[in-house]
Amino acid sequence: QVQLVESGGGLVQAGGSLKLSCVVSGRSFRNYAMGWFRQAPGQDREFVARITWSGDTNYVDSVKGRFTISRVNAKNTVYLQMNSLKPEDTAVYYCAAGLDGTSLGNYWGQGTQVTVSS
542 QVQLVESGGG LVQAGGSLKL SCVVSGRSFR NYAMGWFRQA PGQDREFVAR ITWSGDTNYV
602 DSVKGRFTIS RVNAKNTVYL QMNSLKPEDT AVYYCAAGLD GTSLGNYWGQ GTQVTVSS
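According to our numbering, the sequence shown holds residues 542 to 659 in order.
Simulated from the structure, these hints should not be mistaken for laboratory data.
Bear in mind the structure is a predicted one, so any value in this text is a computation, not a measurement.
Possibly wrong hints are sitting among the right ones.
Claimed, not checked - With a cut-off of at most 30 angstroms between alpha-carbon atoms, the simulated DSSO-like pairs for lysine-lysine come out as follows:
#1 K605 with K560
#2 K627 with K605
#3 K605 with K616
#4 K627 with K560
#5 K616 with K560
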């Protein structure tokens with residue numbers, strides 16, 4: 542069973558930065574696609590960023606130029622560096638893994654709260 546554990550959320554003022562981490566159990570991390578989603582109160586879960594097994598990345602338009610997804614395979618960890626945060630970035634952020642290396646959603650973390658104050 543693959544387990545994902547997120548950390549790094551918190552309260553930050555608008556314009557600030559946070560770095561989320563997601564540690565993944567298992568021996569095949571380097572083969573997984575990894576990503577981040579978020580869900581604000583009363584809204585659907587939204588895709589934020591993805592990194593494939595080969596390191597290709599893509600982002601939702603609203604975070605391009607502000608967020609960066611990265612991975613360190615030796616640590617079974619994926620990161621989301623979030624800069625220039627805005628109040629509308631407030632949400633629970635979820636880490637997701639995809640076993641085929643490109644798509645996401647086979648496994649999910651429990652989520653970490655990010656709150657951006659104005």
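Check whether the Cα positions of K605 and K560 lie no farther apart than 30 angstroms. holds (16 angstroms)
Can you confirm whether the C-alpha distance between K627 and K605 stays at or below 30 angstroms? Satisfied, since the Cα-Cα distance of roughly 13 angstroms is no more than 30 angstroms.
Satisfaction of hint between K616 and K605, Cα-Cα up to 30 angstroms: It holds: about 26 angstroms lies between the C-alpha atoms, which stays within 30 angstroms.
Does K560 sit within 30 angstroms of K616, going by the straight-line distance between their CA atoms? holds (16 angstroms)
Are the Cα positions of K627 and K560 separated by 30 angstroms at most? With Cα atoms ~14 angstroms apart, K627 and K560 stay inside 30 angstroms; holds.
Taken one by one, the earlier hints all hold for this structure without exception.
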